[in-house]
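Could you slot chain S onto chain U? The hints should help.
If you want the building blocks of each chain, they are given just below.
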Amino acid sequence: MKAEKPIKAVKKTGVAAKAPPVAAAAPAAKAKAAPQKAAPKKTALQVPAILLEGDAPATPAVSGPGQRYALGSSVPAEAAAATGAELPEAYGTERLLLTARDPHWLYAHWDLTREQQKKYNTAAADKHLVLRIYKDAVTGQPFSEIHVHPESRNWFVHVGLGGAKFLGELGYYKTAGRWVRVSTSDATLTPPDSLSDDVSVSFETLPVDLQYDELIRIVKAAVSANVPLIEAIQQLRAAGYRGLPDTESLFFERWTPEQERALAEVITMDNVRRVWMGSLEITELIRRHLQEQLSSAALSSWGETGAWSGAASSLSSPFGGAERKKSFWFNVNAELIIYGATEPSAAVTIGGRQIKLRPDGTFSFRFALPDGQYDLPAVATSSDGTDSRSAELKFSRQTQYRGDVGKHPQDPKLKTPLAANVA
Amino acid sequence: MHPTTQGYLSLVLHAHLPFVRHPEHAQFLEENWLYEAITETYLPLVQVMDGWLREGMDTRLTLSLSPTLCAMLLDPLLQDRYVRHLDGLIELAEKEMLRTTWDKAYAPLARMYQERFHSLRKTYFDYGRNLVGAFRKFQEAGKLEIFTCAATHALLPLLADHPPSLRAQILVARDYHRHCFGQPPRGIWLPECAYVEGVEPCLQEAGIRCFITDTHGILHARPRPRYGVFAPLFTRHGLAAFGRDLDSARQVWSKHEGYPGDPRYRDFYRDIGFDLDFDYVKPHLPVPTARSFTGIKYHSITGHGQEKLVYDRPAALQAAGEHAQHFLDARLRQVAQLSGILERPPLILSPYDAELFGHWWYEGPEFLDYLVRKLVFDQQAIVLTTPPDYLRRHPTQQVAAPSASSWGEEGYWKVWLNETNEWIYPHLRIAQERMTELARRFPTPDPLAERALKQAARELLLAQSSDWPFILRTGTSPDYARKRVKDHLLRFITLHEQLTTTRVDETWLAGVEAMDNLFPDVDYRYWA
Chain U
764 MKAEKPIKAV KKTGVAAKAP PVAAAAPAAK AKAAPQKAAP KKTALQVPAI LLEGDAPATP
824 AVSGPGQRYA LGSSVPAEAA AATGAELPEA YGTERLLLTA RDPHWLYAHW DLTREQQKKY
884 NTAAADKHLV LRIYKDAVTG QPFSEIHVHP ESRNWFVHVG LGGAKFLGEL GYYKTAGRWV
944 RVSTSDATLT PPDSLSDDVS VSFETLPVDL QYDELIRIVK AAVSANVPLI EAIQQLRAAG
1004 YRGLPDTESL FFERWTPEQE RALAEVITMD NVRRVWMGSL EITELIRRHL QEQLSSAALS
1064 SWGETGAWSG AASSLSSPFG GAERKKSFWF NVNAELIIYG ATEPSAAVTI GGRQIKLRPD
1124 GTFSFRFALP DGQYDLPAVA TSSDGTDSRS AELKFSRQTQ YRGDVGKHPQ DPKLKTPLAA
1184 NVA
Chain S
153 MHPTTQGYLS LVLHAHLPFV RHPEHAQFLE ENWLYEAITE TYLPLVQVMD GWLREGMDTR
213 LTLSLSPTLC AMLLDPLLQD RYVRHLDGLI ELAEKEMLRT TWDKAYAPLA RMYQERFHSL
273 RKTYFDYGRN LVGAFRKFQE AGKLEIFTCA ATHALLPLLA DHPPSLRAQI LVARDYHRHC
333 FGQPPRGIWL PECAYVEGVE PCLQEAGIRC FITDTHGILH ARPRPRYGVF APLFTRHGLA
393 AFGRDLDSAR QVWSKHEGYP GDPRYRDFYR DIGFDLDFDY VKPHLPVPTA RSFTGIKYHS
453 ITGHGQEKLV YDRPAALQAA GEHAQHFLDA RLRQVAQLSG ILERPPLILS PYDAELFGHW
513 WYEGPEFLDY LVRKLVFDQQ AIVLTTPPDY LRRHPTQQVA APSASSWGEE GYWKVWLNET
573 NEWIYPHLRI AQERMTELAR RFPTPDPLAE RALKQAAREL LLAQSSDWPF ILRTGTSPDY
633 ARKRVKDHLL RFITLHEQLT TTRVDETWLA GVEAMDNLFP DVDYRYWA
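These protein sequence lines are chains U and S, in that order.
Under our numbering, residues 764 to 1186 are what the first sequence spells out, in order.
Under our numbering, residues 153 to 680 are what the second sequence spells out, in order.
Don't read these hints as lab results, they were simulated from the structure.
Careful: at least some of the hints might be erroneous.
[Claimed, not checked] Derived lysine-lysine pairs resembling PhoX-like cross-links, with alpha carbons at most 20 Å apart:
1) S:Lys-434 x U:Lys-1119
2) U:Lys-898 x U:Lys-928
3) U:Lys-928 x S:Lys-566
Isolated chain U, as found in the complex (with noise of 0.2 Å):
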């Protein structure tokens, strides 16, 4: 070994408080360290600022765009979308989309250019555009007619009724009540929200493994190829056709309605909306919880909005609960740290156990600590074994405590450790 590095500890002594300022002075008394080997100098305890940082989660620091990821741009830049680059507001189409979102809600948009717009409200009497909504076809009373704000392109339609078909028109009215039409849209269809009064019943067979273009070939030729293929295939057995997958022995016929009534106390659409209700939570804190532990830089990276939308750990937990909700707290946690270097090639124990070197031969280790005496021989040894040089690490930890301070109570029976209880 060519050079020796010195190989140095420092006692680091975690505190979690709400009022760090005022908390942080006084564990550092409190747990007293051992200073005589810790610290280099025998001056007064100088804790670096960093040392007293909460361990309870910060609030991240925002950065400026780019900032956080200056570094590692293998894409040429110009390929990212120009961050200044915005999608037109709009396209000027003038046309009227129309989608039913649920069975009681539509959503309606118009694609009009601001100019567009004004030119509208311009020639409109009430000086905004009106949209009808129409059931089944764009023909009579409007089922609903709604005035929109003169600046709006899109509004949400509440009609209440599943299982319906609807279509949108989007116009005005003239001076003395005249309508003037600007777009219609496409029939929507809302989804319906209650159980069928069909209970007519057919069954059909159809293998798995039997290809649809097998199926297809088969009903194409005797029935109009834009039939569904069930329904051709009905079709084609009603006939008489032959040729067709044999149908499994039909236990189906014998329904009563004794067995009916049992299978509906089994399973009601209120039982699946209180699954939805739960089902929802769970699914999207899931989800959520994926893309909100990771939100945070990305977004402060943007430099969009600055608001960091909240630690994880503030939610609360739908199976667990709320942490961190209680008064006045003081969590004190003794840690150790050993760090040092030497030859890259070396190799080190530090009580007895062998440890990783960084590729530049540093090294750094902590451990938690505590009360009690312990010690740490650190030695370095050089690769081909010739050489070695080693410290002799003492550390002794005695806390007390006023209050309700220990978070980790220490295992009484807890001895110094020997070099084999390390490894």
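Only chain S this time, still in chain U's reference frame:
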């Protein structure tokens, strides 16, 4: 059918993550979604299934793997980054073993993590870092039915007014699935179980035979389904629609009754990334500037209002075993009751997000392991099956039209279409129509134009992911989601402009291809 068979159980796991890959940054926070899911869910599942295979168990499980997830699992850059991530975790676990040397409560847990991470690393390398290949192996052994999903997990009912978009989402998924697993998919997990009848012609074209809806998708079918959700329906286009069972869903999902809330299980939030000294954990955080999760957690859920107890692994595994038994007993009762009513063996189909098992519910993979073992060894009344296997045994089913539905809040599309995210759809609508124009205008493009057309297809697909409106709705990382939608649409607009009015900028195109590199063989002609 075995004479003792009273019914069937089909366990379906849906695995999906949006395509998040940022080669332009050395470290990218959102890429950790993938790394965490690999460590906590996908690798543990592979290990559990390997155990079943090793013991020659006759198991049947259904797993849907979304094409975006497969693309990420196969991507060499993300594989490298995952190994870096896992090595970082191993290093942290080793530091933890040392740090807790004198701490009797935590030392065994530090060792547990160290061993677990090493074992996961070994599994990862045993499969050549290729988890798609791992799942393919189980499929080829006849133990796993792999479903596909829409190409980028688009909410299909909101694309239904543009059939070429539906078609492209399904056929691109089919093609990529075939590329990944060597055979076309027999079943599909419709993203968010969102179904409208308009998807069926494309599913039929793709050769897909079955899909899953939420319970009301079947209950509200027309005509009324005789057997409720306990048998599939054949739709008019000849697909089999399977409905989700409520009871088994509630037992796992429910906030109050659900298994994952047992106080003995590992707590999800209490992580050393928050608990330990910031300097110490900093090198192991997803980004070094903010406290976050490391994956090492030492506490159990514990009862309400109590100080969190130290995680007791044997007790947690005991709980997983009890819950597996409880789940099995409940299914046995359910099947006995239903087979009495229906006079035919009922099918219980229980779908879950795969990431529930392991990521959220740490003991989930063990629960699954115990449950499947009990099903295989301890009873004969219930046969574990997959939807295609069930159809093979029971090819005759009632014909009815399922109802439009999803498994999202209130059962339809509200989560993906509301005040927070409606702005996406008008842009998508224009881009979709332009894509169709492009596909029709360039039936035989020159090589550079073809590259631009394929990239335009990728950008449009990525912009259609349901994940972005979902995130905007939950408000968790809205700026990232907004940026993703915007970036993909802007790249699409640029490509469209270059193809139609200016000329293709090869250098710029190469940069975009290097970033959004999924589906190398995407067929843009599907939009024609």
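Next on the checklist: Can you confirm whether the C-alpha distance between Lys-434 (chain S) and Lys-1119 (chain U) stays at or below 20 Å?
Outcome noted: Measuring from Cα to Cα gives roughly 19 Å; hence the hint holds.
Next on the checklist: So if I understand the rule, the pair passes when the alpha-carbon distance is 20 Å or less; does Lys-898 (chain U) with Lys-928 (chain U) pass?
Outcome noted: holds (6 Å)
Item to check | Holds or violated: Lys-928 (chain U) to Lys-566 (chain S), with C-alpha atoms at most 20 Å apart | outcome: holds (18 Å)
The structure agrees with every numbered hint stated previously.
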